[in-house]
Amino acid sequence: MNPSLEPRTIGSLEQMWRKSKALFSVWFAHMTVYRAEILIWMLSGVVPLIMMSVWIGKAAASGGEIEGFTPASFAAYFLAAWVSQQLTVAWVAWEMDFQIRQGELSSRLLRPLDPFWEHFFRHFSERFVRGPFILIIVIAGSLIVPGTRLTPDLWHVLLYLLVINLAFAMRFLIAYCIGVLCFWLENATAFDEFFYVLLTFLAGGFAPLEFYPPAARAIIEWTPFPYLVYYPARVLTGALTAPEILHVIGVQLLWIAVFFVLRAVLWKAGLKRYGAVGA
Amino acid sequence: MRRYWRLIGIFAASSISAQLEYRANFVVNVVGSLLTALGSLFGLSILLGTGSSLGGWNQLEAIVVVGVFTLVEGFMGVFLYPNLNKIAESVRTGSMDFTLLKPLDAQFLVSFRNIGILRVTDLLIGLGMIVYATAHLGSSSASGVLTAALLIVAGFASVYAIWLMLCTTAFWWIGVENITELFWGFFRAGQFPVTAFPGWGRILFTFVIPVAFITTVPAEALVGRVEIGAVFGALGVSLLLIVISRVFWRFALRGYTSASS
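Heads up: the sequence lines are chains H and P, in that order. So for the first sequence, the numbering used here puts the first residue at 1; every next one is plus one. So for the second sequence, the numbering used here puts the first residue at 1; every next one is plus one.
In isolation and in its complexed conformation, chain P is listed as follows (with noise of 0.2 Å):
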């Protein structure tokens, strides 16, 4: 185990250093970060703007779901594009055989080898919107803040759960790269809180794709109104979805014969 962390420094500290040889590319994506944030909060400016509330949040409430909906998207490009979506283009180039014939677990091989460091200005994006809004609000409670981080996290394992069996899919479909998008289509839904959307949206956003958890159950625990039931229900979720891309995972792995055979 203690292996396995030293191994995240390595490869974190070299793939960084990698990237900031680019320095344009740090400016390109702090304005592209600014903008898409401007962006969703102008929309939700509109949105608030015809009057009534956004499925029972006002303002600064539903500023929070969109915070934390930043903080995820954050979490996407700093560790599951620079990662998982690699994983298509090793199996279809053959370099996969390298991954496996070291002597470290595969999936912590295709998981953790790159941090895409510019994107770290979304993390920080959602974190800035989150603690704004909640310090505006004052309705957060101590222990609400540490379930919110417990769920939040919960989410990030969530996404990645899926991003990796959606990722995983390459060991049959080699020409879907662009597989992940997606999700991410769908995901942009998580940017409201799941109330918003009438009840057949409520279902998807809940239960097929399970975007509420991710986003609008850590923003119910920020701002003071989660339902302990709501809780467990993400923390399952969560656990779940590890449980099955893992199972996915080794299940394409036995079926994996390398490129040219």
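Next up, chain H with everything else stripped away, as it sits in the complex (with noise of 0.2 Å):
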């Protein structure tokens, strides 16, 4: 049987946390080495600032406001998506892509831990380089429109830390099963190019998801999208309430125990076809 079948724990609780930290601090170290072009994907990514400006344009024109959205809430809830969207980039499925590709998951699998959580850390000390960029953009998109304020309070900060780190998880695993996908497929990274696409029109970087048609709305929120861009980015500006809230928190987790199921099965399914190849 090969090795890295064997099912891996990853040891008690005081193991774990020192594990963490390290690969945290190995990869933060690393990522602040890219900080130029960390910040260049995220200056690419400005669809909802785009965005933000085109609704603004539209509320004036048609006199201050459109549906309840003034310029000032158009402005908090296209600055709250733009920094959902920044929290929750995932590039997984192009670093698996790679490695299986070049083989170099062979010496990844010797090594005593799942990959899975060494990909998990890049991202997420990832996300330590980018905040400091985030918060400037943020206020300087404030005060570049009159009367934006971002969130009411210090607890919808707190409420979209959880939810943030939920959405994150999803997106992260998501785009894990597609790049398990190229164990078998050698185009596996579209799916990701596509599921980047429908992300931008679907998610809620484009519009506040009041504006779809009510029968596009139904089919959307079937879909995970809403709950990585458009549901974070209210609960941020402190549009839903607590039951609201709960509700998301609880859909979140239900995708996330999904997707997690999902890139367990593949993933055990993958390694047996990649030792089959003899690599």
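Keep in mind that the hints were calculated from the coordinates and are not lab data. Note that the Cβ used here is the ideal one computed from N, Cα and C, for glycine as well. Hints should not be assumed to be uniformly reliable.
FRET-style restraints, in silico, Cβ to Cβ [what the hints assert, rightly or not]:
no., chain 1, residue 1, chain 2, residue 2, range
1, H, F128, P, I209, 27 to 35 Å
2, P, S45, H, H247, 33 to 41 Å
3, H, N165, P, R254, 49 to 57 Å
4, H, P214, P, S139, 30 to 38 Å
5, H, H247, P, G236, 51 to 59 Å
Counterexamples of contact, computed for chain H against chain P with all Cβ distances above 10 Å [what the hints assert, rightly or not]:
no., residue
6, L23
7, T32
8, V89
9, T151
10, P152
11, L161
12, N165
13, N187
14, L198
15, W222
16, E244
17, I256
18, V258
19, W267
Per the computed footprint, the stretches of chain H lying under chain P, defined by three or more beta-carbons under 8 Å from a beta-carbon of chain P, are [as the list claims (entries may be wrong)]:
no., stretch
20, 58–66
21, 73–82
22, 107–115
23, 188–197
Fit chain to chain and form the complex, with the hints in mind.
Okay, structure coming up:
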């Protein structure tokens, strides 16, 4: 039997903490080296900010507000959507594609740690490099549009931290499932691109879901997309009531469970295949 | 000059035959292009769904803008990505030396060596949108279409010049290989007529990042409401960018000392 297929426990709680700390500091140091590239990736994801100005232009053209959204509330929503999009970025599908194709995965499998965690901490620590840039853009954005208040109070910020982390977990697991498909397909990263296109138009970075036709919104609600950008943004701007927020968290956990299981199944099947070609 | 034209033909043929080997990629690209185009149209319908026009443009007119935008996007995929984005890598690995040693203009070589034939779908989809929308509008004249064609070529030239300047920075900043994403991100504002933006957005997308000249002005010519000042503005900006990018490229080459020295 292939040794890599044996179940791999991460060890006791203390070991787990030590490993996490080591992984975090290694990858944080790595990511700070690439801060210029990270900044460029951040600035290339400006669709919510572009949409912010289009919607503000529309609100101004139709006498100050559309369906209850004023320029200031559009600004708050799209800034929150932009932050949410920034904090849920995941490129793990491309990493997996590279590792599987180049055979680099083999050496990773020899380590006493599921490669999952290394990918996870690469993404997680990168968020801390994004942090300062995000603050700058958010402050600049709220200054440009007078009267913008991103969030009503500290409670919503704390709830947002929970919701956005769950959103990241969803996006990461989805990208991971796509990445695992590289065991079978040559073009698996294309699926990640397709996903990204859908994300751009369906997740909420393009418009608040209130503006979608009711039929389209009903369908979108059944997909993971709005739980990545729209609902986190609504939580941060304080637009949701406590029961609504609980509902969002519940659905996010459900999606996480689904993709967690899917990833585990795909990963196991994929590894068997990887072993079978003699790698 | 004739030698250069012949070379473009040879380059294109070899580049295309290399890509035809991967047929599955073709399907993937078509699906990706269609998804993006459908997304743009869906987004437009949401923006227009709330009643009023989009900065004074009705649905069909706005589709013309999306069409021009998609066309330019296709130009980037077919001509810019497969060529200029390789500059950074060849500076890093030192293979830029071989380009410079050839008895041809180096800028020509880094600009026309490859053709991303798979992205031709974007060109076709963009053209399709333009033809569909202008045919239903029925407001375009022959001179308008000719002007638009000229303006679109000028737009291609502008995008090329900006792209070249961004990629040329690789001679100093080798680490920043994704720098063209910066322009690509902001260029997405070009799928909307520039009048859809509030005052500060209009200034930004006209004078700082000249997206308006690249997509809105050609679309204005197509729907038959372009002003002569805008046409000359677009042509002037394009010419200026081409000259500046050429000067910048030569300046970068003068300071180039190869990878290991």
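**Q.** Hint numbers not upheld by this structure, sorted from lowest to highest
**A.** 2, 13, 14, 21 and 22
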